[in-house]
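Note that the working numbering numbers the sequence shown so that position 40 is 40, with each residue one more than the last.
Wrong hints could be hidden among the right ones.
If you anchor each label on the Cβ, the simulated ranges turn out as follows [to be verified]:
1. Thr2 with Leu34: 31 to 41 Å
2. Asn28 with Thr2: 27 to 37 Å
3. Arg14 with Arg44: 40 to 50 Å
4. Asn28 with Thr6: 17 to 27 Å
5. Ala25 with Asn4: 42 to 52 Å
6. Phe31 with Tyr11: 22 to 32 Å
7. Thr2 with Val26: 40 to 50 Å
8. Ala38 with Leu10: 41 to 51 Å
9. Lys8 with Gln46: 40 to 50 Å
10. Val30 with Phe9: 19 to 29 Å
By construction, these hints were calculated from the structure, which means they are not laboratory data. Just so you know, even glycine gets a beta-carbon here, dropped at the ideal spot from N, CA and C.
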Amino acid sequence: MTRNDTMKFLYWLRSSGMWPRLVLAVGNIVFAGLCLCAAYAIHRGQLL
1 MTRNDTMKFL YWLRSSGMWP RLVLAVGNIV FAGLCLCAAY AIHRGQLL
């Protein structure tokens with residue numbers, strides 16, 4: 001994927017109105033991952 005393709009893709013995302021939902025979805029996945037890591041660390045007794 002070239003830089004131009006990336007710019008076209010970003011422009012398409014912006015014009016299609018899908019990017020806020022995409023950003024929210026990615027944010028939720030990252031947040032869930034962090035929560036799982038923290039829960040696992042607490043469960044293992046490493047954090048407390």
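Open item on the list: I'd like to know which numbered hints this structure contradicts. Please list them from smallest to largest.
Closed with: 5, 7 and 8
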